[in-house]
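Chains A and B are the protein sequences, given in the same order.
Numbering of the first sequence is given in the working numbering, commencing with residue 1 and proceeding in unit increments.
Numbering of the second sequence is given in the working numbering, commencing with residue 1 and proceeding in unit increments.
Worth flagging that the hints you see were computed from the coordinates, not collected in a lab.
Mixed in with the good hints there might be a few duds.
Each computed SDA-like pair below joins lysine to any residue, with the alpha-carbon atoms no more than 20 Å apart [claimed, not checked]:
hint	chain 1	residue 1	chain 2	residue 2
1	B	124	A	195
2	A	203	B	8
3	B	124	A	4
4	A	203	B	2
5	B	124	A	210
6	A	203	B	119
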Amino acid sequence: MSKNSKLLTGPINLNNPITVQVLGICSALAVTVKLEPAIVMSISVTAVLALANVIVSLLRNTIPSRIRIIVQLVIVAALVILVDQILKAYLYDVSKQLSVFVGLIITNCIIMGRLEAFALGNKPYESFLDGIGNGAGYAMILIIISAVRELLGAGTLTLPGLGELRIIPQSFYDFGYQNNGLMILPPMALIVVGIIIWVQRLKTRELIEEA
Amino acid sequence: MKGLLKYIEKIKPNFEKGGKHEKWGPIFESFETFLFVPGHTAPKKGAHIRDAMDTKRLMSIVVIALIPALLFGMWNVGYQHFMSIGKEMCFIKTFGYGFLKVLPIIIVSYVAGLGTEFIFVHIKQKEIEEGFLVSGMLIPLIIPVDTPLWMVAVATIFAVIIGKEVFGGTGMNIVNPALLARAFLFFAYPSKMSGDKVWIAGLSEGQNVVDGFSGATPLGQAVENGSKIVDGLGHQLSTFDYFMGWIPGSIGETSTLMILLGAILLLYTGVASWKIMLSAFTGGAIMGIILNIFATDTNLAMSIPFYDHLLLGGFAFGMVFMATDPVTAAQTEKGKWIYGFLAGFIAILVRVLNPAYPEGVMMAILLMNVMAPLIDHYVVRGNVKRRLKRIKVANN
């Protein structure tokens, strides 16, 4: 496998930002009650991450290392405001559901982590790929969590453009089936993340640390 | 029985190492030890002392201690049901009705829980542990009688996997699995776990119910009516009624008398810690007294006498059977006092001061389960510090 394609696929499984690096958990809990906000959030984070990576990578030789954190923050904040304005303009409903969490992308650990660990030491094109890859890894986990939570918690799946689709048929409810209220509560997101980590480690042995 | 033993001996080689069905060995062994006492004994050479008190014996004693509460619970299910439809029934019919209502819940709880355990035994290739024997009996006793069976199954499976198996099985769990099952039900399906309708069999369908009958539990009424607590037909209930337990509530929790019988057995055999029980009831009583002193008109539940608090709801059941779980309770002797006291204290605090939760025992015990390692840590550190000081004094 070439080095560049590893940058893209690595973060999806072996180096996943949420399940392996355990970064960005906060937003994974907060925006995953429904599928649509989770998808929009993933796209926003991916866009901010990729662009911030490129910009920081371009500036990496001119940023004095003593003030690099503040410079990175300014770059990320500018991008996040841009994303926030775009969402407000074109996806107002979703932007309202995401509320403060779009703004909080600034403090998302994945972004600062990738800027520090990757963009400051690599060329722009590689940094861009790294940003897309990590964004995709984040998106994958977010989508799994939110699909599970919405399906079991509300019996629906909300897709962008299609609206709310009822997945669990009415006949189930007539037989006494009930939506699981625990799925709507944040603790369940944490438990679902835990179960994903569990399954991932069962499948990929190289992730298991030596005791 | 002899024939069965012979058959087991005959097929045993198939399941031993190198045998045909080696993979199924752990499951086979689980069944074998369930049916018969294992044949192996201590070697003859050297001094070996083996106590007869193993996990299985320990668990069996707890299950036996639960039986009075279970039988009374069955009778009470029938009694409350027939009261709601305005009929007087003989003892046998009352008990029989409750028996038929409760038995399916017990069966579902055991089948779902043991099934999950067996799957994990097979995956992990280790011997089965007996921990679920108690949890499987506790779960039916702490839920309302009208809980749908599939919910019981889902909650049990969730509790066994997330509460126990992910931590490494019996003895490694942080929280009590039975309480976790209840907490799961409580948050996942609140409409089936709280309110006025769920505590009495058949009341939610509402057929043949006497006019004006109310199925509210005493604690459910306490928030609005203070100590003016009535039974379904409007008769005032007394402390004696709470003690005997012919009141609506979860299946096994209502009768303090029957729980007391179980507690005596647990304390006599030394299975449960008397320190936890005593301090839990002390903690509950102290909180009750504090609330009595500061009782206001805005929260009438505060004016319930403190001794009634110890009899009502799941307090006695939780503190006797769940808080004393040797795995999840504090391990140090001093820690047990703190753990029990806080469990009782917080239970009454949540029950009275949080209108969203008419009963706080579940929350209090789960919270203290999580806190128990911390309590132990500080008790041990404190001990180390004290002894270090002693050394320094001696050196000087």
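Checked hints:
For the hint pairing residue 124 (chain B) with residue 195 (chain A), the CA-to-CA distance comes to about 17 Å; that is within 20 Å, so the pair holds. For the hint linking residue 203 (chain A) to residue 8 (chain B), the alpha-carbon distance of about 36 Å lies beyond 20 Å, and the restraint is violated. Taken as a hint, the residue 124 (chain B) and residue 4 (chain A) pair is broken in the structure, with Cα atoms around 39 Å apart against an allowance of 20 Å. For the hint pairing residue 203 (chain A) with residue 2 (chain B), the CA-to-CA distance comes to about 45 Å; that exceeds 20 Å, so the pair is violated.
Proposed proximity of residue 124 (chain B) and residue 210 (chain A) is supported: the alpha carbons are some 18 Å apart, at most 20 Å. Among the hinted pairs, residue 203 (chain A) with residue 119 (chain B) is consistent with the structure: their alpha-carbon atoms are about 18 Å apart, no more than 20 Å.
Violated hints for the displayed structure, listed by number in ascending order: 2, 3 and 4.
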